[in-house]
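Put together the whole structure using the sequences plus the hints.
If you count the sequence shown from 1, position 301 lands on 301 in my numbering, and the numbers rise without skipping.
Treat the hints with care, since some could be wrong.
Pairwise CB distance ranges, derived in the manner of DEER restraints [stated by the list, open to error]:
1. V219 x H163: 32 to 40 Å
2. L43 x A210: 47 to 55 Å
3. Q201 x N244: 22 to 30 Å
4. F40 x G67: 32 to 40 Å
5. S149 x I37: 32 to 40 Å
6. V42 x N244: 24 to 32 Å
7. A211 x L45: 47 to 55 Å
8. I142 x A211: 41 to 49 Å
9. I155 x T135: 14 to 22 Å
10. L162 x E209: 46 to 54 Å
Hints are computed from structural coordinates only; laboratory data are not their basis.
Just so you know, these numbers come straight off a predicted model, no measurement behind them.
Glycine is no exception: its CB is placed at the ideal position from the N, C-alpha and C atoms.
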Amino acid sequence: MTDTRTTPPREAPPGARPAAGRRRGALRTYWPHYLAISPFYVLFLVFGLVPVLFSLYLAFQRWDGIGDMQFVGLRNFEFLVKDSTFWLSLYNTFVIWIMSTVPMLFLALVLAVLLNSKVRFTSVYRIAYFIPNVTSLVAIAIVFGAVFSTNQGLINAILGSLHIGAVPWLSNEWTIKLVIASLITWQWTGYNAILYLAGLQAIPTEMYEAAKIDGAGPVQTFFRITVPQLRPIILFTVVVSTINGMQTFTEPQVLFGGNASINPNSGGPGQAGLTAILYFYREAFSNNDYGYGAAIAWAVFVVILLFTAINWRLVQRRDKGAA
1 MTDTRTTPPR EAPPGARPAA GRRRGALRTY WPHYLAISPF YVLFLVFGLV
51 PVLFSLYLAF QRWDGIGDMQ FVGLRNFEFL VKDSTFWLSL YNTFVIWIMS
101 TVPMLFLALV LAVLLNSKVR FTSVYRIAYF IPNVTSLVAI AIVFGAVFST
151 NQGLINAILG SLHIGAVPWL SNEWTIKLVI ASLITWQWTG YNAILYLAGL
201 QAIPTEMYEA AKIDGAGPVQ TFFRITVPQL RPIILFTVVV STINGMQTFT
251 EPQVLFGGNA SINPNSGGPG QAGLTAILYF YREAFSNNDY GYGAAIAWAV
301 FVVILLFTAI NWRLVQRRDK GAA
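Here it is, written out as structure tokens:
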């Protein structure tokens, strides 16, 4: 015999609301909070995400900034691969990055170790080392241009007092790169030193005491305790230095862009200081080729992403090997 009885519907517990109702209720409850944080997302959308997406769209167009856009597909990237000036700018960027990053991080680590020792006026030193990072980069570049001037520069004046011939700092291929790298090193060494100092202060003193009891010297302690413990911070500084180094622009632009005796935005004689971002600026805003400029910008982004991934993998392998 078939049971024809039906099960009565289950009643919702008192006070229960549908999911849609709960979402609307949460929105009414928390709308002041959403409103408070909305300016950041609105500004990021207008000045961050939309321009990035538009630049990606622009990389497949030919546009002078005024007329109609013309879709060219991958032609901008095809020309980019064959463009010798782009590869020269990329080469200059890599050389300047290496010449600035290696001494910068080494000096930062040395300064952090010195500050971590028991010295007086540590807070004063921290502020002094951090000041270059918050100083106007344009002003710094102008000062460096005057200091390294071939005819009336302070450096050549000192060399002349020592009966040493003047050095063409801003007209030789390698000295141009050296001046730009020195400027970057001067600006960012203190910032990285503060980061390393924070990491050093987080290392337990018991580790150093145990190493001292085992007979480890200062050099062994540095390479077997300090460096391994600072590895995450070192990775962070290398990644940040890679990103900043690949975006070098203001230094060569201020040093050489305003000099009427040479081609503006060329990066100096022989284009020795022409970086990838400076080349992007020249193509987009000087030559009014915004499509090709966008292609250069995205190529630089891919290079930065690749180098960041390589640095991360290298550190991860070392961590696994140490484990």
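Q. Taking each numbered hint in turn, which are not upheld by the structure, reported in ascending numerical order?
A. 5
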